[in-house]
Amino acid sequence: MVFEYPVQGGDFTNAGTVSSKVKKMMRQLGVDAGVIKRTIVALYEAEVNIVAHAYKGVITVQLDSDKIYIKLDDEGPGIPDINQAMQRGYSTASPEVREMGFGAGMGLPNIKANSDVLEVHSVVGKGTTVEITNNF
Amino acid sequence: MKIKEIISLVEGTLVVGGDVENEEVTNAFASDLMSDVLTIKDTDSLMLITGLANTQTIRTCEMSDIQIVLFVRGKNITDEMKELAEENGMVLIQTNYTLFRTSGILYAHGLSPLY
Ligand SMILES: Nc1ncnc2c1ncn2[C@@H]1O[C@H](COP(=O)(O)OP(=O)(O)OP(=O)(O)O)[C@@H](O)[C@H]1O
Ligand SMILES: [Mg+2]
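Chains as they are written, first to last, in the working numbering: chain A, 2 to 137; chain B, 8 to 122.
Hints were generated in silico from the structure; no laboratory data involved. Quick caveat: nothing in here was measured; it's all calculated off a predicted structure. Careful, some of the hints might be misleading.
Said to hold, decoys possible - No more than 25 Å apart at the CA atoms, straight line, and that leaves these computed lysine-lysine pairs for BS3-like:
id, chain 1, residue 1, chain 2, residue 2
1, B, K48, A, K68
2, B, K89, A, K22
3, B, K89, A, K38
4, A, K72, B, K48
5, B, K48, A, K25
6, A, K22, B, K48
7, A, K22, A, K113
8, A, K38, A, K22
9, A, K68, A, K38
10, A, K22, A, K57
11, A, K127, A, K113
12, A, K68, A, K22
13, A, K38, B, K48
14, A, K113, A, K68
15, A, K25, B, K89
16, A, K113, B, K48
Just need the whole structure built from these sequences, with the hints factored in.
So, in structure tokens, the structure goes:
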């Protein structure tokens, strides 16, 4: 099964709606609760990153019987130095983002901790692609 | 500690949640930083104590499987937050006490910290 969801940058009211839908879907399929939690925390962090740092994006979710693959593709400023962005504490978040309780530079390291396979690619001035795979 | 005991200790009110006052809370975590909340691995019977009241607080708890949230300093809980919490079967409590006072009282009465 493949699903696609649009995400709007800056739209904090709706940030998390995709993660919420995917969580319900995984539950219905009877996926192990621990795997759901890891996957959804990683997805939510990445979804919030599009809202916080990019202009817009598309989240593609591929659910198989033995794994979930999620691709978050955004149009945005991109990440100049991915290694630096992966460091705990590194953040360029705006004051608005910090007011929402985010912007501590903890998201990308947390995505890594909650994914079996994580790939981050980015082109400055164009956008960022985050790919998460978790096995059941 | 039972939810009803928590409510009574902090002179709180139950804002969302039906027949839950006898439910047990094992431990608590106090933070306004959702980035931090999202790193918690064991959230079974965990209560979040926070002064951050917006939809992302509820969303973060939904994603982290945190079922009980105690809002301090009389922060306004919007209808949208309530709806989202109800949809997810969560319990929302509100108190006028500060984060420090709330945490101090509950800790002194035996509610365990997470770490
Ligand atoms: N989709 C993205 N587009 C552009 N920049 C990004 C994107 N995702 C992350 N970044 C950059 O990487 C930095 C680190 O991201 P990370 O998720 O670790 O922290 P944060 O989003 O700033 O704060 P937190 O995740 O703790 O709320 C961001 O501050 C931003 O500079
Ligand atoms: Mg982030």
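Structure-based check of all given hints:
| no. | hint | in the structure |
| --- | --- | --- |
| 1 | B/K48 with A/K68 | holds, 21 Å |
| 2 | B/K89 with A/K22 | holds, 18 Å |
| 3 | B/K89 with A/K38 | holds, 22 Å |
| 4 | A/K72 with B/K48 | holds, 24 Å |
| 5 | B/K48 with A/K25 | holds, 20 Å |
| 6 | A/K22 with B/K48 | holds, 21 Å |
| 7 | A/K22 with A/K113 | holds, 22 Å |
| 8 | A/K38 with A/K22 | holds, 13 Å |
| 9 | A/K68 with A/K38 | holds, 14 Å |
| 10 | A/K22 with A/K57 | holds, 19 Å |
| 11 | A/K127 with A/K113 | holds, 23 Å |
| 12 | A/K68 with A/K22 | holds, 17 Å |
| 13 | A/K38 with B/K48 | holds, 9 Å |
| 14 | A/K113 with A/K68 | holds, 17 Å |
| 15 | A/K25 with B/K89 | holds, 19 Å |
| 16 | A/K113 with B/K48 | holds, 14 Å |
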